[in-house]
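Construct all of the structure, not just a fragment, from the sequences and the given hints.
The lines below spell out each chain.
Protein chains: 2
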Amino acid sequence: MLYQELLEIINDRERVSINETVLEQHSKGLTYHTGKLPDVVVFPTTEEEVVEVVKYAAANKIPIVPFGAGSSLEGHVIPLKGGISLDFTLMNKVVSVHPEDFLVKVQPGVTRKQLNLHLKKHGLFFPVDPGADATIGGMAATNASGTSAVAYGTMKRNVLGLRAVLANGDLVSTGGETIKSSAGYNLTELFVGSEGTLGVFTEITLKLSGIPEETIAAKAYFTDVVAAGSAAEMVLQSGVRIGKIELVDPKTIEAVNHYKGTSYQERPTLFLEYSGSKEEVDNGITFIEQLMEEAGCLEFEYERDSLKRAQLWDARHSAAIAVVSIRPNQLLVSTDVCVPISELAKAISYSREVIEKYRIDAALVGHVGDGNFHALFGVNPNDLEEMERFHNMNNEIVDYALQHRGTCTGEHGIGIGKMKFLEKEKASSLHIMKAIKATLDPDNILNPGKVFIRNEVEEYL
Amino acid sequence: MLYQELLEIINDRERVSINETVLEQHSKGLTYHTGKLPDVVVFPTTEEEVVEVVKYAAANKIPIVPFGAGSSLEGHVIPLKGGISLDFTLMNKVVSVHPEDFLVKVQPGVTRKQLNLHLKKHGLFFPVDPGADATIGGMAATNASGTSAVAYGTMKRNVLGLRAVLANGDLVSTGGETIKSSAGYNLTELFVGSEGTLGVFTEITLKLSGIPEETIAAKAYFTDVVAAGSAAEMVLQSGVRIGKIELVDPKTIEAVNHYKGTSYQERPTLFLEYSGSKEEVDNGITFIEQLMEEAGCLEFEYERDSLKRAQLWDARHSAAIAVVSIRPNQLLVSTDVCVPISELAKAISYSREVIEKYRIDAALVGHVGDGNFHALFGVNPNDLEEMERFHNMNNEIVDYALQHRGTCTGEHGIGIGKMKFLEKEKASSLHIMKAIKATLDPDNILNPGKVFIRNEVEEYL
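Residue numbers (my numbering), protein chains in the order written: chain A, 136 to 596; chain B, 136 to 596.
Any given hint could be a false lead.
One copy or any two copies: either way a pair holds, since identical chains are not told apart in the list.
[As the list claims (entries may be wrong)] Below, simulated BS3-like cross-link-like pairs (lysine-lysine); rule was C-alpha separation at most 25 Å, straight line: (1) Lys216 / Lys413; (2) Lys228 / Lys216; (3) Lys190 / Lys569; (4) Lys196 / Lys163.
Think of the hints as simulated: they come from the structure by calculation, not from any bench.
Right, dumping it as structure tokens:
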């Protein structure tokens with residue numbers, strides 16, 4: 136019935152699927168959260184098709200869950216209430232590039248690596264880089280960031296406009312193509328980070344950056360991760376324009392060396408990057424080296440070669456996958472707190488204690504320039520005792536962050552994994568978020584069950 | 136009655152006023168829009184008082200219009216429906232500075248100059264600088280910017296969190312103290328730019344920047360403003376990290392020389408600034424000088440002395456006041472379109488033609504690094520023929536911007552002056568803004584009559 140009716144809309148058997156493998160692929164993200172099959176997966180190729188599918192879903196109160204690369208870490212893409220998984224893989228066109236305006240318009244299924252390959256000939260790039268080769272649609276939906284946020288900001292700062300289909304099938308466009316505007320409410324920022332609960336994106340206008348003339352990377356080794364965290368604080372507080380500053384602990388490096396065949400020293404390390412003109416880079420990296428020495432760095436190694444540098448960041452981006460691949464049949468869990476920079480070293484120190492207390496074999500990595508860090512490890516979700524230890528640990532790390540001016544999620548979003556923490560963190564304003572959700576999606580068809588814990592009586596199902 | 140009841144809440148005759156001069160001062164902003172007296176002006180000193188006043192207003196459906204420095208340019212502070220003008224002059228405390236986190240918390244009545252004076256001892260500053268010495272509350276409400284936006288962004292990017300009183304008197308806090316977060320909807324950005332229509336701010340958390348080691352300013356002269364606009368395009372497209380890049384035309388300089396007693400050359404000029412370490416500045420300004428020469432600059436003058444530099448930017452910030460002061464009894468009007476950078480020179484050229492066609496004696500200035508420029512002039516609002524010429528001119532300049540991927544307001548906001556243009560520019564998404572407004576302020580007591588044109592039947596009055 137559902138399948139047949141969607142087939143009438145899409146009119147292509149290849150793009151409406153109830154194949155079990157396909158349903159299974161759309162039942163979960165990358166992590167430990169229990170999956171659930173959608174009733175059907177639809178692969179739209181045009182904005183018109185998205186509108187038609189959403190209108191159909193609205194008329195029949197069928198849940199719609201947007202799906203990109205499936206690399207979400209908090210269960211965002213799980214069709215908790217069944218319904219339609221709307222897969223944007225085929226809407227992966229770069230719509231138009233405006234190099235002279237540092238702008239690009241893309242369909243939501245374009246991935247960040249695909250986009251940067253496309254932009255290279257213009258001397259431009261899109262800086263936001265979560266570990267996975269996520270889609271721009273998914274990245275916008277979770278307000279993703281990554282190693283470049285310290286220099287270029289998160290998705291929120293780099294999305295200038297959106298086209299989105301609302302829960303009733305209305306197609307709206309927000310924002311625009313200018314670098315600034317004070318024309319009405321900032322709806323673009325409202326949709327960015329809304330995790331598919333307010334609208335389904337069909338086109339995204341992104342701000343681009345010029346590829347710097349020169350870039351240099353470096354590794355700074357420390358006796359322990361807390362010392363490395365303190366050094367990151369010093370760098371930030373110096374005001375130097377750092378390009379990237381990433382904490383990796385020996386466990387992470389061990390996992391990456393194993394997974395990627397690299398041979399990085401398995402020591403507490405900061406991976407650093409500095410960009411600019413040749414002179415700026417020479418001066419900048421020397422200044423950073425001095426700072427590192429003052430902060431007790433044991434050794435400072437340059438990575439001048441561009442291939443080696445790419446390898447370094449590829450290694451960093453692979454950390455999560457590498458960590459989870461160590462033991463077979465493990466699923467990833469990752470904490471994601473973020474604190475003000477002056478709280479960072481203490482928060483890392485506290486987290487290490489908690490991790491040890493719960494005997495969890497976690498690797499510690501962090502976008503420490505933003506005060507954001509993750510404990511990464513593999514779990515067997517069927518091992519209830521292990522899961523309980525993980526949840527206890529996560530609770531304590533989040534509680535610490537909330538008590539120290541922090542947030543429960545720096546970049547992964549709420550999904551289903553952080554709903555109870557959001558209730559604590561945003562106790563005073565959550566009702567505004569819920570009111571906006573209820574106004575824009577009164578039947579709760581857009582990604583239901585995410586972001587907000589709802590009372591059963593509130594649910595339409 | 137209203138006065139008596141508010142006096143019971145505030146309990147201080149000095150801070151509840153129906154004095155005619157005070158009412159008159161709160162009847163309008165800086166510009167040509169027809170004023171209207173509030174019924175009463177209240178000067179709260181605490182958040183609790185704000186909550187109590189709003190609760191009282193909510194219970195009695197009395198309009199509330201937040202008032203800061205009164206420097207708004209689009210009539211935001213005019214109490215169109217009477218009611219309470221809520222003046223934040225006395226809530227002007229810097230609540231706490233966290234220099235190590237580059238953060239400050241302020242009450243909404245703090246002005247930008249007051250804040251920067253306070254921050255200087257920490258080596259920090261708040262970069263957003265509209266011309267007037269506006270309050271941080273007002274700047275957040277209109278998503279203000281100014282000469283530094285090209286380097287540091289607008290208010291949206293520099294406000295990390297807010298405390299706000301909703302239309303029902305609920306006190307909420309949004310955002311936080313971390314540099315990034317993906318915890319729920321981006322409510323801070325929703326409130327920033329909402330022009331007092333969604334909530335009344337009581338505290339604002341701002342991101343600060345380090346005062347650069349070295350700063351240099353320069354003036355580049357051109358044959359005409361279009362050539363200067365083209366040069367600005369080149370600078371932006373080169374990707375160089377320009378600190379400020381401001382277009383001023385001979386009329387502006389003439390007015391400023393007269394008003395400030397300066398003696399700048401009355402030629403089409405770009406005022407420029409570059410900051411960084413000493414080496415960066417030397418290299419950066421040399422590169423910019425070369426770009427300017429390639430773009431046909433007639434002469435390039437450095438302004439190395441910090442006093443002279445301050446004078447230069449003070450002159451630029453005084454442009455609007457200077458222009459309007461030329462003729463007695465004139466009120467300011469200012470256009471405020473913003474276009475993508477590749478459209479800038481053409482838009483300036485078109486605007487000059489329109490200005491001449493309507494025989495308007497306008498000065499042209501612009502934050503051209505953002506594609507944002509203003510035609511400034513004085514009008515006599517009682518001269519209907521002159522007002523008609525202004526409105527025709529403004530209509531044509533805005534229409535051109537909207538047809539060329541631009542926005543009707545780069546930084547001044549909608550207020551009452553841009554409502555009809557907002558309807559055009561955001562035709563597809565205006566109903567979302569209205570729905571949010573209706574959800575959060577169902578009785579329309581917060582700054583009624585602003586941002587949205589409402590049908591009379593929709594109004595509660």
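Original post:
Honestly, which of those hints from before does the structure not fit?
Top reply: 1 and 2
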